[in-house]
Every structure is written in structure tokens, then in C-alpha cells.
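Keeping their order, the protein sequence lines are chains A and B.
When you read off a place in the first sequence, starting at 1, and then add 228, the result is the number in our numbering.
When you read off a place in the second sequence, starting at 1, and then add 991, the result is the number in our numbering.
Do not take every clue at face value.
[As the list claims (entries may be wrong)] The calculated DSS-like cross-link candidates involving lysine-lysine, where the alpha carbons are at most 27 Å apart (straight line), are: (1) B:K1064 to B:K1095; (2) B:K1046 to B:K1069; (3) A:K237 to B:K1098; (4) A:K237 to B:K1090.
[Unchecked claim] Stretch by stretch, here's where chain A covers chain B in the computed footprint (C-beta under 8 Å, at least three residues): (5) 1049-1056; (6) 1089-1100.
Just so you know, the hints here were simulated from the structure itself, not pulled from any lab data.
Each residue gets a CB set at the ideal place from its N, CA and C atoms; glycine is no exception.
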Amino acid sequence: NAGVTQTPKFQVLKTGQSMTLQCAQDMNHEYMSWYRQDPGMGLRLIHYSVGAGITDQGEVPNGYNVSRSTTEDFPLRLLSAAPSQTSVYFCASSPPPWAETNYGYTFGSGTRLTVV
Amino acid sequence: AQTVTQSQPEMSVQEAETVTLSCTYDTSESDYYLFWYKQPPSRQMILVIRQEAYKQQNATENRFSVNFQKAAKSFSLKISDSQLGDAAMYFCAYTGSEKLVFGKGTKLTVNP
């Protein structure tokens, strides 16, 4: 099925460990984004990309790195996990607004990350 | 920077009744898109309805409709004939082009 695939769905890390959250989409979307969702805070933008080789920071980028070497993949790296990074992480993709009549963002199913 | 404000952290409605969720936004752009997303307990983000700012006509999708007031920067969602399956978190979101910005959400409870 076409869509956005996030792995893993659940992860427990120890403080200071590193890991990469994977995100892949098969819709040839140019735009991809990472969000974190915390209770009462909505979804906050971490990093986003408008195409391969182009990334930019969102609202809460500290502690996270991204790269976009292909259109399909947009991994999110935590270099040294901290308890404050305990959250649910969502990846999303979309075409540019002018590219489709039914424009909208498609979301992955999320990754629940706990840092102890 | 664009901001989205949802002033109602929680709302409740009786089954079969109508409820309106509020959303305001701040932007200096003239062309943009607004969305309402639904997040049930499964945590999947589901697009409910979209509105293009240059279209004056309010968007509708079956029981869901919006009241888009561009000058007031207001974008409310009306759910008619509420059903138990409508219970969820609802997020209002804005994009000018590259970034999608969300409000903090409204938790909707539907009472039988």
C-alpha cells in the first residue's frame, strides 16, 4: 500500500544512546517532515525537507539531525538521547501545494520513543 | 512566524448533535492552505478537510464543514450528526508552502 512507513513503532533508549528513526514514502513526494507530539503541545515541527539534499530546521530542532539523500527516505537521528526526547514521533510527506488537486500531508503511524 | 491557536482544549457533544471546533491563525501570506486532522486513540493522523485560502466557498466533506473567515483569520470545523466514532483529538493546521504548522488540538468526546 502506498504511504509513509515509519520504523520502529516502539523504542526504549538509555540516556546517551544514539539511534535513527526511519521514514520512507513511496508516493514520490518532494516534501517530508518530522514532528514530535507531546501531551497538550500538539505536533511540533523538528526538521523538514523540500527535496533531496535540502533540509531545514523547524520549531524544535535541538538534539536531532536529518539528511535527505533520496526522495523516498528521510531518517531522523538522535545523537545522544535525553529523557526530554521521550515523545511520539511522526513523519509526514506531501507534494508541493500546486502539484495536486487533493493536496494534503500523509502521515506515518508514529514511533513511541521512551528515553530512560 | 505562522501560528495556529485552538482555544478549546476539550469539547463534548451528544450523539446526533452538532459541534463546532474553533481555530484561529496568524499569517502575513496571502495564499495558503488550512486543514483539520483527526487523531483517534490509534494515533493515526487522518485528514478530515482542507481549505484553500483563495477559494471563498467553505469546504464540506459529508458531515464535516468549515466556516472560513479569511479577514478574521478564523477556520472553525462543524461536525453535524455527531457519531461515537467522531471521538478523537482534532488538530487545526496551516501551511503557506513548505511547512505544516499545527495547533495544540481539541479533544472531542461524544456522549451516547
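Verification of the supplied hints:
no.	hint	verdict
1	B:K1064 to B:K1095	holds (17 Å)
2	B:K1046 to B:K1069	holds (18 Å)
3	A:K237 to B:K1098	holds (24 Å)
4	A:K237 to B:K1090	holds (24 Å)
5	1049-1056	violated (count 0)
6	1089-1100	holds (count 8)
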